[in-house]
Structures are given as structure tokens and as C-alpha cells.
Amino acid sequence: MTMEAAPEPGANRPALALHVPEPRFRPGDPVDFGFLSIPPAGAQPRPDETCAAAETFPLCTDLVRVLGDDDQAHGPWNPRLSPDRMRTMLRLMALVRVFDGRMYRLQRQGKTSFYLKCSGEEATSVAATMALDAGDMIFPSYRQQGCLIARGYPLLEMVNQIFSNRADKLKGRQLPILYSAREVNFFTISGNLATQLPQATGFAMASAIKGDSRIASAWVGEGSTAEGDFHNALTFAAVYNAPAVFAVVNNQWAISSFSGFAGAERTTFAARAIGYGIAGLRVDGNDALAVYAAHAWAADRARLNGGPTLIEYFTYRVEGHSTSDDPTVYRATDEGSGWPLGDPIGRLAAHLTAIGEWSTEAHDAMLVELDGEVRTAIRAAEANGILGHGLHQPDVTMFEDVYETMPWHLREQMVQALHERAVKYPPETQP
Amino acid sequence: MSAGDPAGRPMTMIEAINDALDIMLARDPDVVVLGEDIGFFGGVFRATAGLQAKHGRTRVFDTPISECGIIGVAVGMGAYGLRPVPEIQFADYIYPGLDQLISEAARLRYRSAAEFIAPMTVRTPFGGGIFGGQTHSQSPEALFTHVAGLKTVVPSTPHDAKGLLIAAIEDNDPVLFFEPKRLYNGPFDGYYDRPAKVWKGHADAVVPDGHYTIPLGKARTVREGEALTILAYGTMVHVAAGVVEATGVDAEIIDLRTLVPLDIEAIEQSVRKTGRCLIVHEATRTSGFGAELSALVTERCFYHLEAPVERVTGFDTPYPHSLEWAYFPGPVRVGEAIERLLAAD
Chain S
1 MTMEAAPEPG
11 ANRPALALHV
21 PEPRFRPGDP
31 VDFGFLSIPP
41 AGAQPRPDET
51 CAAAETFPLC
61 TDLVRVLGDD
71 DQAHGPWNPR
81 LSPDRMRTML
91 RLMALVRVFD
101 GRMYRLQRQG
111 KTSFYLKCSG
121 EEATSVAATM
131 ALDAGDMIFP
141 SYRQQGCLIA
151 RGYPLLEMVN
161 QIFSNRADKL
171 KGRQLPILYS
181 AREVNFFTIS
191 GNLATQLPQA
201 TGFAMASAIK
211 GDSRIASAWV
221 GEGSTAEGDF
231 HNALTFAAVY
241 NAPAVFAVVN
251 NQWAISSFSG
261 FAGAERTTFA
271 ARAIGYGIAG
281 LRVDGNDALA
291 VYAAHAWAAD
301 RARLNGGPTL
311 IEYFTYRVEG
321 HSTSDDPTVY
331 RATDEGSGWP
341 LGDPIGRLAA
351 HLTAIGEWST
361 EAHDAMLVEL
371 DGEVRTAIRA
381 AEANGILGHG
391 LHQPDVTMFE
401 DVYETMPWHL
411 REQMVQALHE
421 RAVKYPPETQ
431 P
Chain V
1001 MSAGDPAGRP
1011 MTMIEAINDA
1021 LDIMLARDPD
1031 VVVLGEDIGF
1041 FGGVFRATAG
1051 LQAKHGRTRV
1061 FDTPISECGI
1071 IGVAVGMGAY
1081 GLRPVPEIQF
1091 ADYIYPGLDQ
1101 LISEAARLRY
1111 RSAAEFIAPM
1121 TVRTPFGGGI
1131 FGGQTHSQSP
1141 EALFTHVAGL
1151 KTVVPSTPHD
1161 AKGLLIAAIE
1171 DNDPVLFFEP
1181 KRLYNGPFDG
1191 YYDRPAKVWK
1201 GHADAVVPDG
1211 HYTIPLGKAR
1221 TVREGEALTI
1231 LAYGTMVHVA
1241 AGVVEATGVD
1251 AEIIDLRTLV
1261 PLDIEAIEQS
1271 VRKTGRCLIV
1281 HEATRTSGFG
1291 AELSALVTER
1301 CFYHLEAPVE
1311 RVTGFDTPYP
1321 HSLEWAYFPG
1331 PVRVGEAIER
1341 LLAAD
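These protein sequences, in sequence, are chains S and V. Start counting the first sequence at 1; every next residue gets the next number (my numbering). Start counting the second sequence at 1001; every next residue gets the next number (my numbering).
Quick caveat, the hints were computed from the structure, so don't treat them as lab data. Some hints could be false.
In silico lysine to any residue, SDA-like type, Cα no more than 20 Å apart, as pairs [as the list claims (entries may be wrong)]:
# : chain 1 : residue 1 : chain 2 : residue 2
1 : S       : 210       : V       : 1311
2 : S       : 210       : V       : 1218
3 : V       : 1218      : S       : 412
4 : S       : 210       : V       : 1055
5 : S       : 169       : V       : 1115
6 : S       : 169       : V       : 1147
7 : S       : 210       : V       : 1344
8 : S       : 210       : V       : 1062
9 : V       : 1218      : S       : 411
This one's a predicted model, so the numbers in the text were calculated from it and none came from an experiment.
Please take these sequences and the hints and turn them into a complete structure.
This is the structure we're talking about:
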């Protein structure tokens, strides 16, 4: 190679440049969400549940909203719930937030290893679950404690699981908050991301094979839509017209990665539906009435053999990812307070107040009551033990449920574990 | 073991597998069979031929080309209460499905404290000997025997294929069912340059009619002997038997049939009797299932051993297309290992 060599063909082409997405705001930046296009509440058309999927495609880049700035419910998506039903919805969302607050503090006090709040996203699980039938199977990701609470699952069982104590129904095998609750049709949470989506499709296919009327409803974060299983699930759901609802909770952040790393700079997450030819809706996720209406629409569509729906709930993760995360190092602190779609609990409470069905006094009294309910559950769970204080399941349970019946090699290892326990805690030292 | 009609009739392994699926589809309305090209067409190896026409399109159906999707929906079907039997067209294609197999199917029972289970049987053709090149010849069984919660089964005859497949489908745990594709249409002793044999006329090709099971975790003694023990499964059972027949060595050949759970009693009993142990598999050597077998035999039978445990395996290379028979652990490799074992004292 000499310096005089002729230039390579194409040497005058521009240098290629890699685009690495960067969020608009980092710590210290002033926050201005003026770039977001937020249409007025009530302006979005509501097609019939049995419509052709293509009729929903304009809604994939719109934003279905019901609750307006005037705190009134507007337009064709207004689910027209009774005040009692809305108060139930409000109470359940508030219970989730109170529960999250208490659990977060317990983790900070060292009573468990991990916790994860859903602050600001309560509507996406609570209102959506209220729109389902009790027999519909929920395939959650890890931030759907609202689904369990909306299904009336006992708080005590949730805290037992979080403490991994001797009463934990999952026998201390799962990280805190990775619940499983078959009795309320809540599928076991994986911890691996998006794996629940094709499983939901499979459940829905099975229900259709059997001529049943149950549907599957799955949740996933916007970040995890980048997983192959998102594509697997929607491909199978589209191919077999599976009766399933897929909710993408777009809370803008996947730990420290903003939604741009899942493709949000190009299009909406709801617009993924267009490529699969299935129904899609993009919904104000902080508007509990819009969430309820959208999920009910999709569930009805599925039940009428109209097939799957992909819903994007546009919301904001107000807190860090989990107790192991500090969001102040990667995002502007004012993002949560500046979020233009407000707070789901505050908005529903304001609506109920505006129609004369709620008051500040009632709200405050409710919060006191809910806090008492949560504290009662915590006290009862603490009696069953907290993480690391010895009141866990017996060691032998570690070897159970690997298989239906224990094979010889696990039996041998169980004997070893029992021996080690006897060495570490000699029987004569035990009370 | 429940017995079918002992009269039976001769079948190829493909026919035996088809028969097992047919019987289970008829007996259990929760059984569904799904996979790429398995419906109307009947599968690239014809294992599901005729089943869709007989049992209907919602019981036996084609899927998108998405192994992770196939396993993923099968997990969800199991959660509903079905008993899915997905086919992965070649074991070499199974890797996209590993997350759903390892993180999901294998752990569902454990992580939910038995609230949810994954009673699926993943059928997949494996092994070489048909000039399939590196993407149609692999033997990845050790990836799955390493995973807590999975069972791994490998039949070596039509008779066993049917009984083991029915047992696997009826099992409430996820089962990997590896079908040695070189044995689909006839036994194979490793002499690739001789005319191919057919199952007809082979004693183990007589397949009882109707429903019968061979319990998972029970090995089969193919041949009793005193000189050494040969542990094998799948195609290599026939290769080992061919060498033993040709040389007249008094070997005891044990067909493991199930790798997890393993019939450790049969292994210990035989090795303690013979004092010498040869392990044969087609898969690559390093961290192969033979390493596990060698360790178990050494740990549990050390004072009965009169020679070091030997492994005969495929080489640690991808499966080469044109050099298939240089790669394959055939009669020369097996025969020389037997000689070394018998010479040691």
C-alpha cells in the first residue's frame, strides 16, 4: 500500500454515522414536555368492537382520552361507570399506592431484599383488570401488583411472599414481588422479560381450541417490546386470531434506558399492531376511565372472536425502577412532576369530586383506612417471619417441585442439605 | 409398564411415533400436536402424517417458523390445562426456544410452587448420519440434561419409541424427546458403506397395538455380558451392538433410554459386575453427557473398576457435511476403545 494509491471507489461518499438515541432531558436539564402531542379528551372515535382491525389504525398514533382538564368525562370512550364503581377503582388504585409506599420502606428497613413500586401507573393495572372477567387469565410482568389487588388477592399473602417467610405460598423460591396466584387467575411472574407474552397467546389459543369463553390478558413494559417474544406472541396471536389482549405499559423508562432504545423515536408502540394487522389502541394510561374503556373494548373484541388487540398505555414511571435503582443519576428530577398527563389517582378523585361524588375529607379518611389495612397485613406477615431471620420454609422444600416426583439425584442432594444443616446448627444447640 | 397387545406388528420408528401420537390424540382430548409443517403435510419426516385429517385442524396444526414462539405458546397451553406435543423440526433449530424451555417450562412448577405446570413433550429429530451438515445433525441433549426441571428421553427402537413417547406425553413435567433420525427407517450399526438396513424383521421393531408405556428412568439391557459395560443411547446403541457382534466381545450393553431421570441402579449393577465401562455418544465430547456418566461411574463404582472409564464421542467440532463419516463415532473408534479397556489391568 502506497500513499499515492488511487482513492478507493466511493471515497467521496459521506462517512456513515451511527445514531445512538439520547433522551431529551438529563439530570439538571429544565423539563418541558411541550413536544408531546396531547389531544383533547373525548375527541377520539370509538369503533365497534367487531370492526376490521384497520379501523383502529388511526388510534394507534392518537391518544384515547376520557377525563378532560375540566375533570369531566368526555366522548364515546366514556365507559359511563357508576359512582360506586369509580369509587372502587379509586380505592383500589390508592390501596396499591399505599401498599407500595409501606413495602418500599420495609425494604429500606432491611426486612426484605427487594421491592418495586408502580407509582403513577396504577390505572394501567387496576382499571384494566376491572374491565376483565374473573376467569380471564392475567399474564403479568413485574409491575402489575395492581392486577392482584384489583382481583382481591389478600395483602397478607403478598407480604408473606415479599418477606419469603414460612407462610409464603411460593416457599421462598421467588424474588419478592414475583407473585403467582392461580386462585385469582394470575399467572406466575417470570422475572425474565416478555416471556409471558407468547404464553398468553398459548393460553388464549387453548381457550379457543376448547371453545371456552375465557381470554388472556398480558402486560409488558415498553422496553421489553424489543424482546423476540413480543414478536413471537403477536405473530402467533395474529395467525390464530387468539383471544388475547396485550398491554404495553409505556412508562418511558426501562431502568435507565429511555423508550428510544425500544424504538419510540420512530413510531408509537401501539403502531406495532399495524404491522401484524391486528387491532391497536394508544391510550392515556393516567386516565383510569380511558384505560378501563380500552381494556373492556379489547376484551369484548376477543370474546366475540374478533382476535387480539395491542394497547399502548402511555404513562410515566414516577419512581425508580426498583429499590436497587437511583433515577436521579440518569434523568431529570422534574420529569415526574412535569408529566403532562397528571396522576391517575388525582385525576379520578377530581372527577368524582366534580360530579359531587367525592370530597377531600372522604379521600383523606380513605387513605387513613387503607394505611391501617396495609399495616394490619404487614403485622400479620411479620409474625410469619421476615427475610433472613430464620422463619423460612424448611430446607427440604428447596428440592420439591423441581419435578412432580423427586428423582434419586435430588433425593441424594436433599440428604446432603439436611446433613449440612445439622452441622451448622447442631441439634443440641437448638431450643 | 402397561402392556398393549403383545402380538403387535412391525413398524419403522416413524410409524411407531405416529402411532403413539395417534393413540394419545384419541385417548386424551387435551393433547394437541403443533409444529412447523406438521399439519396437512405431516412433517418433513412424516411423523405426523395423517393425524390432522383424522383428529382435526385444532388438534394438529402448523405453526409459524418460530421455535421460541412454539415453546412459548405450549407453556401457555399447559397453563390452561392442555398437554401440548410441539415438534421442533430439527434439534439444531431448538436454540431460539431455549429461553422458553430453560427459564419457563423447566421452572414453572418450581417457581409457582406447583400452581402452574408445563406438561409438554418437545419432540425433535437429532443426530447425524444422513448428510445433514452442521444444521441438521447435532446432538444437543447435554444442554437439556444440565437444566433442573427438564426430563430427557432418547429412544433407540420402534418399540421403545412408542412406549416412551406415550409415557412422556402422560408425564406432568416437560420432556425433551430426542428422536435419532438415522434410526427412523432402519437400525444403523455405523457401517455407512454397507447397504442400509430396514426395521422389518428386527425383533425390537415389533410394536404392540394400542396403548402401552415404558417408564421414564428405566434403562434396557440390550445384551448381557461379563467383559465390560457399554452405556449408550439412540443410534450409538446399534453401533455398539454391531461392534460387539462383529468382535464377539462379551460386553453388556445398556441402552439408557432416559438421561434424566437416569437409571443409576442399572448402571451401577452392571459396572460392578464387569469392572470396565465404555460410554458412547454421538454428541461432542467436552461437557457432553458422557462426562456426567463417567463421573457417576467413577464416584459410585471406583473400587470395582479394573480400567479407566472410557468415552467414545463425536469430535469437538461442528458436524462437517462432507466429512460426516470421519466425524461419526463409528465402529473403529468404538472397537479400539473396547480393546483398550479389555487390555488394561
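Hint check results:
Restraint check for residue 210 of chain S and residue 1311 of chain V: the C-alpha separation of about 49 Å exceeds 20 Å, so the hint is violated. For the given pair, residue 210 of chain S sits about 35 Å from residue 1218 of chain V by alpha-carbon distance, which is inconsistent with the 20 Å threshold. Pair hint residue 1218 of chain V plus residue 412 of chain S holds up; C-alpha atoms about 18 Å apart against a cutoff of 20 Å. Among the hinted pairs, residue 210 of chain S with residue 1055 of chain V is consistent with the structure: their alpha-carbon atoms are about 14 Å apart, no more than 20 Å.
For the suggested pair residue 169 of chain S and residue 1115 of chain V, the alpha carbons sit about 10 Å apart, so the restraint of at most 20 Å is met. For the hint pairing residue 169 of chain S with residue 1147 of chain V, the CA-to-CA distance comes to about 24 Å; that exceeds 20 Å, so the pair is violated. About 62 Å separates the Cα atoms of residue 210 of chain S and residue 1344 of chain V, which puts this hinted pair outside 20 Å; it is violated. With a CA separation close to 18 Å, the supplied pair residue 210 of chain S and residue 1062 of chain V stays within the 20 Å bound.
Pair hint residue 1218 of chain V plus residue 411 of chain S holds up; C-alpha atoms about 17 Å apart against a cutoff of 20 Å.
Violated hints for the displayed structure, listed by number in ascending order: 1, 2, 6, 7.
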